[in-house]
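Visitor: In case you want the letters, here they are:
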Amino acid sequence: MKSLLTLATLLTATVVAHTQPAAPFGPPPTFKVVNKIDKMKSEIFFLETVVKLVPQNVQRVVIVNGKQETITETRFVPVMEHQISLFNVANSRAITTDGKQLPIEEVWNRLKKDAVVAVSADGNTPAQAFLRVLNPEVIVLIPGPPTPAKKLP
Amino acid sequence: MRRMALTLTLMTAAGASAQPAPSPGPAPSFAYVRKTTPDKGHAILVQTTTVKEMVPYVERVFLNGVARDVTKYKTVLRFVEVDTIYDLAASRVITPDGKQLAIDEVWKRLQKNTVVAISGNFETPSAAFLRSLNAETLVAIPALPKLEPQPK
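Residue numbers (the working numbering), protein chains in the order written: chain A, 1 to 153; chain B, 1 to 152.
Think of the hints as simulated: they come from the structure by calculation, not from any bench. Incorrect hints may appear among the rest.
[Claimed, not checked] Simulated crosslink set (DSS-like; lysine-lysine; CA at most 27 Å straight-line):
#	chain 1	residue 1	chain 2	residue 2
1	A	K39	A	K112
2	A	K52	A	K36
3	A	K113	A	K52
4	B	K72	A	K52
5	A	K113	A	K36
6	A	K32	B	K52
7	A	K32	B	K99
8	A	K41	A	K100
9	B	K112	B	K99
Given only the sequences and the hints, what does the whole structure look like? Please build it.
Guide: Spelled out as structure tokens, the structure:
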């Protein structure tokens, strides 16, 4: 009887462990919006919008013990900044969300201005858990190792 | 007169098309669930940030014909996981089709290690980003941080 109970407990634990997804390994990819494509140079320009919370001091009138007092409060106001970044396709890989490699010609055919792509943050294929949350139509770009800067003459 | 008005209308329309398309706004970021406490309305989400670190390395240099080992430093980017408590009871959680989920449904679907998208500007992400997500993905739109009283 005891061994039966132990077996049942072990089986339940195994089932629970299998139904719970594992923690994704590595950094998540980031979404980027295509701004310009230069097929000749194998370059893509991305437009990124970054939000920064900027503290602002605001004065407010409050009533303390029946008297009006002006207090200064700090409010965090979201401010948007636009940045253009360059992505070199020549030394990169492109995959679909199921991990299949995309030929470079297919990448150029599918990439249009204002298209959204996912870009690997660390140069490795993003974890399955991150790929699963993307639309199957999204292209995942995996940058190659950075090319060393050219020495000045 | 009519012809002039038509020309003006056409010119205005051409001007509008020459303007750059509006930016889709900030992209949502991804995080995974560490833990949820539905009775408090909180969820601990794990986000990844980059940290710059100065790493020492030794380089052999020749000074007046004598080899010497010199310690130099280079900047290395490291990825660090950060746990953030989100007050989901005060936030909105939607699906990529824009439908808001009831909080009970949110707790049901937010299992440990589930990946979610988090709005980048405390507003609903633009349609372009929502279309790029799987239909099952949850999108959390957190409320703005609370006011901090000015230190006296």
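Visitor: For each hint, tell me whether it holds in the structure or not.
Guide: Status of the hints after comparison with the structure:
no. : hint             : result
1   : K39(A) / K112(A) : holds (11 Å)
2   : K52(A) / K36(A)  : holds (25 Å)
3   : K113(A) / K52(A) : holds (26 Å)
4   : K72(B) / K52(A)  : violated (33 Å)
5   : K113(A) / K36(A) : holds (6 Å)
6   : K32(A) / K52(B)  : holds (22 Å)
7   : K32(A) / K99(B)  : holds (24 Å)
8   : K41(A) / K100(A) : holds (25 Å)
9   : K112(B) / K99(B) : holds (23 Å)
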